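Residues per chain are reported as follows:
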Amino acid sequence: MAQITVQDLEVVDFAVREHRSLWKDAWRRLISSHTAQLGLLIVAVFVLTSTFAHFFWEYNPKTDLDYTQRLKAPNLIPTEEQPEIHPFGTDKLGRDIFTRVVHGGWNSMRVGLVAVAISLVIGVPLGLLAGFYEGMGITSLEQILLMGLIGLFLGLLPAWIAMQPIQAFLFAALGVAAALLPNLRLSKRARLGLFATLGLLAGGIPGLMVAPLVGLICGVLGLFIGAMLGTNLGGKALSDIIMRAMDILLSFPGYLLAIAIVAFLGPGLEKGMIAIGIVGIPVYARLTRSAVLSVAQKEYILASQAVGESHGRIMSRHVFPNILSPIIVQGTMGLASAILYGAALGFLGLGAIPPEPEWGAMLGDSYKYLSSGAWWAVVFPGLAIMLCVLGFNLLGDGLRDALDPKLRV
Amino acid sequence: METLLQIKNLKTRFHTEDGTVHAVNGIFYDLKAGEVLGVVGESGCGKSVHALSIMRLIPCPPGDIEAGEVWFAGRDLLKLSESGMRQVRGRDIAMVFQDPMTSLNPVYTVGFQIVEALTLHMQMDTAQARQRAAELLTMVGIPGAKQRLDNYPHQFSGGMRQRAMIAMALSCEPKLLIADEPTTALDVTIQAQIVELVKRLQEELGMAVMWITHDLGVVAELAQTINVMYAGFIIERGDVHDIYKRTRHPYTLGLLGSLPRLDEAPGTKLVSIPGLPPDLIALPKGCPFAARCIYRIDRCIEENPPLMPADGLDHQVACWRWEEIAGRTSS
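Taken in order, these protein sequences are the chains called S and W.
Quick note, the first sequence lines up with residues 24 to 432 if you use the working numbering.
Quick note, the second sequence lines up with residues 28 to 358 if you use the working numbering.
Bear in mind the hints are in silico, worked out from the structure with no lab data behind them.
One thing to keep in mind: the hints can contain errors.
Computed footprint of chain S on chain W, listed as stretches where at least three residues anywhere in the stretch have a Cβ under 8 Å from a Cβ of chain S [said to hold, decoys possible]:
1. 117-126
2. 287-296
With a Cα cut of at most 25 Å, we get these calculated DSS-like pairs of lysine-lysine [to be verified]:
3. W/Lys38 <-> S/Lys211
4. S/Lys259 <-> W/Lys38
5. W/Lys59 <-> W/Lys226
6. S/Lys115 <-> S/Lys391
7. W/Lys202 <-> W/Lys226
8. W/Lys202 <-> W/Lys106
9. S/Lys47 <-> W/Lys312
10. S/Lys211 <-> W/Lys106
11. W/Lys59 <-> W/Lys272
12. W/Lys38 <-> W/Lys312
These numbers were taken from a predicted model, which means no experiment stands behind them.
Just so it is clear, CB atoms sit at the ideal spot from N, CA and C, and this is done for glycine as well.
Model the full assembly from the supplied sequences, consistent with the hints where possible.
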């Protein structure tokens with residue numbers, strides 16, 4: 024029997040694991056799950072076909088018409104009746120559905136991406152601020168900024184009614200003054216009265232210049248705003264204002280709100296993106312706030328304060344990276360629902376403007392021909408929507424499993 | 028030795044929906060440079076809150092440092108601006124927390140977090156700071172420090188994380204280290220190692236240490252002075268030998284009495300102090316410990332005893348009957 028000598032033994036520091044970043048870990052977990060693989064495959068197919076559509080299947084929606092080829096069934100082999108190949112058939116104007124589905128993917132994908140980006144860019148910072156300051160003491164400088172912003176924001180309402188933009192700035196100044204003079208050597212009630220009076224004047228006088236009734240309405244509004252500023256709002260008030268605004272947005276049914284915004288902005292793909300983006304804001308704001316609230320309880324946030332880091336730095340360097348995973352997951356799922364919203368708007372004729380190919384609009388164009396047996400004109404764009412949404416949802420599911428902090432060692 | 032930290036009449040309150048919680052109720056004490064102070068008491072007696080008040084890390088609202096002065100190196104910390112206070116935190120006073128599992132940020136490497144503290148306060152560039160961080164990790168006894176810098180907190184064990192936290196706290200050579208129950212979440216062998224480590228580092232670096240704990244055994248080994256806290260008051264304070272050998276407050280007696288002993292006969296019941304600490308929302312008028320105290324007299328219910336000098340070196344006690352207790356327990 025062979026003897027193992029000391030020299031044969033390799034010194035291994037087995038406690039030290041190979042250095043691997045968290046993102047690499049997450050990626051490994053992601054590609055090892057079957058759902059995520061399927062999702063990635065579907066998403067990749069859609070992304071690649073729609074991105075490279077212009078290279079392989081040249082298409083000009085304005086000139087693509089052929090009345091001799093209206094509503095032809097799908098064929099893969101050219102026949103005498105149908106000399107051209109239409110793998111998905113043709114629609115009511117004789118346009119090749121396959122080309123339109125592929126090119127429509129570009130539009131649908133764009134709607135999804137831009138809408139989610141709008142929601143994220145507005146929703147995440149709002150949720151971050153609301154969650155962070157809900158449980159955190161506020162410094163005097165931040166207090167001044169906050170009160171000024173609250174004054175400006177609340178002042179927009181009377182300013183809009185009276186059409187006097189200066190009012191918003193008057194209220195902002197009032198807010199700053201309230202923050203700068205926290206004591207004033209006055210009792211709480213006297214202070215409240217003082218600011219309420221100032222608010223009344225700031226709202227009423229510019230309003231009176233327009234009309235007596237406007238002056239009255241703006242004065243009453245100003246009274247309330249002034250009284251509110253007089254109580255010296257803190258971080259909790261910021262959180263309350265943001266989250267109640269989000270609740271108001273969320274209280275409208277999503278599709279209805281999107282339609283209302285498009286009706287306000289006018290139809291078009293870009294307007295649709297904005298509308299869908301606005302509808303998504305409260306979802307991300309709430310998600311972010313709840314994640315921030317749980318992270319802010321963690322001891323490393325207290326520890327970073329104890330090291331002497333500023334609020335901005337703690338928020339960006341310690342809080343933000345720790346709330347990324349739920350946002351990434353929700354963002355991926357959100358892409359799916361934004362595409363669905365885009366298709367719905369398109370179906371109603373509020374999204375893409377006609378000759379432009381878009382899945383929802385294609386459905387809306389063709390569903391009337393279902394009764395005459397032209398199933399292909401509806402089934403293929405519908406399938407595209409379904410598969411695309413399914414792909415993003417599967418990917419989102421896989422991402423959630425991969426990024427779940429509970430699974431981390 | 029010169030006085031490093033002087034606390035005068037510190038009062039911290041929390042305004043909650045149920046009423047005002049009187050967490051710290053006017054405490055006075057001095058801490059000398061290089062001194063090791065143990066702060067002991069049961070949960071909710073204001074140990075941690077008073078430490079966080081010194082650092083001004085009490086979230087306000089709902090917290091509120093109502094009154095008091097915290098003199099540190101010639102400045103009243105409670106009057107400093109927020110940015111002035113940020114300069115003090117980490118550089119002059121550092122803090123180590125209870126739970127090493129959550130006190131490191133999981134998304135950054137350990138090295139990154141130590142480097143961050145160094146670049147923030149010591150005007151070092153990243154390369155210098157990395158070098159220093161590796162030295163610090165070696166100093167707190169983490170082998171292979173250079174490679175360990177690139178590890179994430181989840182690759183560290185609990186004891187190593189607490190060592191890393193201590194390295195981070197010591198990175199800017201603070202004059203005062205506040206350790207808020209740093210060994211509570213660790214098992215006994217690791218506890219002993221951490222206590223040894225802090226003892227060694229304290230001797231090497233000569234900083235003052237405030238060790239907050241409910242473990243009387245740990246402070247006996249480490250501290251020179253002990254503050255015993257109860258319901259937001261300091262009820263006994265003195266040299267560690269005085270506290271253990273010439274205990275003058277019935278609560279401290281109870282605390283010491285309730286320690287399990289190795290030489291006890293098997294089957295002996297553990298001693299405990301009857302009753303519960305008072306509701307901090309509605310503090311009694313008299314001594315906060317009166318309701319549980321076996322030495323209680325009428326005066327205890329009427330009047331809260333101030334911290335008064337007792338026998339021994341700087342020994343202070345807040346009890347009307349300390350002399351009688353001294354007679355009974357005599358050293």
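Quiz item: When you check the alpha-carbon spacing of lysine 202 of chain W and lysine 226 of chain W, does it fall within 25 Å?
Solution: Since the Cα atoms of lysine 202 of chain W and lysine 226 of chain W sit roughly 15 Å apart, the hinted pair holds (cutoff 25 Å).
Quiz item: Has the given pair, lysine 38 of chain W with lysine 211 of chain S, been kept, meaning a C-alpha gap of at most 25 Å?
Solution: Measuring from Cα to Cα gives roughly 23 Å; hence the hint holds.
Quiz item: Has the given pair, lysine 211 of chain S with lysine 106 of chain W, been kept, meaning a C-alpha gap of at most 25 Å?
Solution: holds, 23 Å
Quiz prompt | Coverage of the segment 117-126 of chain W by chain S (three or more Cβ within 8 Å) | solution = holds (count 7)
Quiz prompt | Pair hint lysine 38 of chain W and lysine 312 of chain W, alpha-carbon separation not exceeding 25 Å | solution = holds, 17 Å
Quiz item: Is lysine 59 of chain W within 25 Å of lysine 272 of chain W, Cα to Cα?
Solution: holds, 23 Å
Practice problem: Mind checking the alpha carbons of lysine 47 of chain S and lysine 312 of chain W for me, to see if they're no more than 25 Å apart? | Solution: violated, 61 Å
Quiz item: Are the Cα atoms of lysine 115 of chain S and lysine 391 of chain S separated by 25 Å or less?
Solution: The hint holds at about 10 Å.
Quiz item: Does the alpha-carbon distance linking lysine 202 of chain W and lysine 106 of chain W stay inside the 25 Å limit?
Solution: holds, 20 Å
Quiz item: Are three or more residues of the segment 287-296 of chain W within 8 Å, CB to CB, of chain S?
Solution: violated (count 0)
Quiz item: Is the hinted pair lysine 259 of chain S and lysine 38 of chain W satisfied, with a Cα-Cα distance of at most 25 Å?
Solution: Holds, at about 24 Å.
Quiz item: Hey, lysine 59 of chain W versus lysine 226 of chain W, does the alpha-carbon distance stay inside 25 Å?
Solution: holds, 16 Å
This entry does not satisfy hints 2 and 9, going by the numbered hints stated previously.
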